[in-house]
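Undergrad: Spelled out, the chains give:
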Amino acid sequence: GAVVSQHPSWVICKSGTSVKIECRSLDFQATTMFWYRQFPKQSLMLMATSNEGSKATYEQGVEKDKFLINHASLTLSTLTVTSAHPEDSSFYICSAPRVDEQYFGPGTRLTVT
Amino acid sequence: GQQLNQSPQSMFIQEGEDVSMNCTSSSIFNTWLWYKQDPGEGPVLLIALYKAGELTSNGRLTAQFGITRKDSFLNISASIPSDVGIYFCAGSTSGTYKYIFGTGTRLKVLA
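Residue numbers (our numbering), protein chains in the order written: chain A, 32 to 144; chain B, 4 to 114.
Be careful, since some hints might not be right.
Reference listing, derived: stretches of chain A covered by chain B, where coverage requires no fewer than 3 residues with Cβ under 8 Å from a Cβ of chain B [said to hold, decoys possible]: (1) 69-80; (2) 128-142.
Only pairs whose alpha carbons sit at most 20 Å apart, straight line, appear in this in silico PhoX-like list of lysine-lysine [unchecked claim]: (3) B:Lys-101 with B:Lys-39; (4) A:Lys-97 with A:Lys-51; (5) B:Lys-39 with B:Lys-111; (6) B:Lys-39 with A:Lys-72; (7) B:Lys-101 with A:Lys-86; (8) A:Lys-86 with A:Lys-51; (9) B:Lys-101 with B:Lys-54; (10) B:Lys-54 with B:Lys-73; (11) A:Lys-72 with B:Lys-111; (12) A:Lys-51 with A:Lys-95; (13) A:Lys-86 with A:Lys-97; (14) B:Lys-101 with A:Lys-95.
Hint data in this document are derived by calculation from the structure and do not stem from the laboratory. Glycine included, C-beta positions come from ideal geometry on N, C-alpha and C.
Go ahead and model the full structure; you've got the sequences and the hints to work with.
TA: The structure is reproduced here in structure tokens:
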């Protein structure tokens, strides 16, 4: 199967700071990538669609000014959580489609203190 | 956000038993995917389904795309301890790569 990586795998930051999470497709190109958030013992909730060369599209209820997405190249999308607060602590997972299938990264656990 | 209803929510079974779980939606989907997620890791794709009525196997796993296109089923035969984890279904409508996820089925296998 295809391989998607994320960096970092975990991060702890202080309230009010910003954190950048990277998502890379390692052996294929992805013009579209997706960002999900998963709270403990819950399912994955789609946050936004990252589009190479254009603006990201956000799901209802997701603040685009707080969760900045940049699709810098055909293999890299970044999610920046700005002015992080404890309630932003979560497991953030990206995915990239290849043909008709979605491949997920290993996730990034964000803890805001 | 929208989610699919998945049942059962959790299961405790004995090693060697078969397992069945299903996913239902109020919307019609054109693709169904089944994933397994281990704690602290991203979901891993198990089976992909593309046509109504399709039955696909991957080792001890078998999944079916419901003929109404509003549901899907996953069966695991002869369960083993490493089957422990959370299983998610995900559905997508035609022309998009956006997937909606089920609520998950937490499986525990007792040796």
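Undergrad: Are the hints correct? Go through all of them and say.
TA: Now for the hints, and whether the structure bears them out:
1. 69-80: holds (count 6)
2. 128-142: With 10 residues close enough to chain B, the hint holds.
3. B:Lys-101 with B:Lys-39: Holds, at roughly 18 Å.
4. A:Lys-97 with A:Lys-51: Given pair Lys-97 of chain A, Lys-51 of chain A holds - Cα atoms ~12 Å apart, limit 20 Å.
5. B:Lys-39 with B:Lys-111: Measuring from Cα to Cα gives roughly 13 Å; hence the hint holds.
6. B:Lys-39 with A:Lys-72: Holds, at roughly 14 Å.
7. B:Lys-101 with A:Lys-86: holds, 16 Å
8. A:Lys-86 with A:Lys-51: Judged against 20 Å, a Cα distance of about 17 Å means the pair holds.
9. B:Lys-101 with B:Lys-54: holds, 17 Å
10. B:Lys-54 with B:Lys-73: holds, 12 Å
11. A:Lys-72 with B:Lys-111: Roughly 14 Å between the alpha carbons, so the hint for Lys-72 of chain A and Lys-111 of chain B holds.
12. A:Lys-51 with A:Lys-95: It holds: about 14 Å lies between the C-alpha atoms, which stays within 20 Å.
13. A:Lys-86 with A:Lys-97: holds, 15 Å
14. B:Lys-101 with A:Lys-95: holds, 18 Å
Checked against the numbered hints given earlier, the structure satisfies every one of them.
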